[in-house]
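Using the UniProt record's numbering, count along the sequence shown one by one with no gaps and you end on 180.
Hints in this document: simulated from the structure, not taken from any laboratory. Please note that the accuracy of each hint is not assured.
[To be verified] Beta-carbon label-pair distances, calculated as ranges:
1) S122 x Q161: 30 to 38 angstroms
2) I178 x D57: 24 to 32 angstroms
3) D55 x T11: 13 to 21 angstroms
From a predicted model like this one, the values you see are computed outputs, not experimental measurements. The beta-carbon is built from N, C-alpha and C at its ideal position, and this holds for glycine as well.
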Amino acid sequence: MDKGFTKILYTREQIETKIKELAQWVNETYKDSKNLVLVGLLKGAVPFMAQLIKDIDVEYEMAFMIASSYQGGTESSGNVKIIMDIETDILDKDVLVVEDIIDSGITLSKISAILKSRNPRSYKIITLLDKPANRKVNLKPDKCAFVVEDAFLVGYGLDYQEKFRGTPFIGIFDPKKIDR
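With the hints as constraints, model all of the structure from the sequences given.
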């Protein structure tokens, strides 16, 4: 196991099996949609979204946003900044936000308000990980792969100071253990 990880929660195989199930949900939910827009939240959702689209059979377009409420630490600052907005017009389109993890929900709540104000036909959220124990706002995903404990998680897109995103598993991470 890589330095800093104290426990592996989900292996690559477990993650990819769940993502296939989520893709089937997307296919069923949007089988009649002509205007599905997947909005990926960068940077963490990239591995999840890349795996998800392999098994999505319905037509879609992709758009990306960058928002942050983390300043290099392990907890949200609560101060959300939109760094890059989507360029796609989502008026009367079906929007599916693709997120890596919903933690406090503060960042995603702000993103949701912005996107909903643009009057999409429908709006849903799909996430790889949901951490409801740490939620600070009333926000629930429409679909998630795993409900997780309140711990600092890294891997499969989740980072610690921009590192470890490419780790093929998701694990509990303790930054104090990297220097040992």
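These are the hints, each one checked on the structure:
1. S122 x Q161: 30 to 38 angstroms: holds (36 angstroms)
2. I178 x D57: 24 to 32 angstroms: Violated, at about 41 angstroms.
3. D55 x T11: 13 to 21 angstroms: This hint holds: roughly 19 angstroms between Cβ atoms.
The structure fails to meet hint 2 from the earlier list, while all remaining hints are met.
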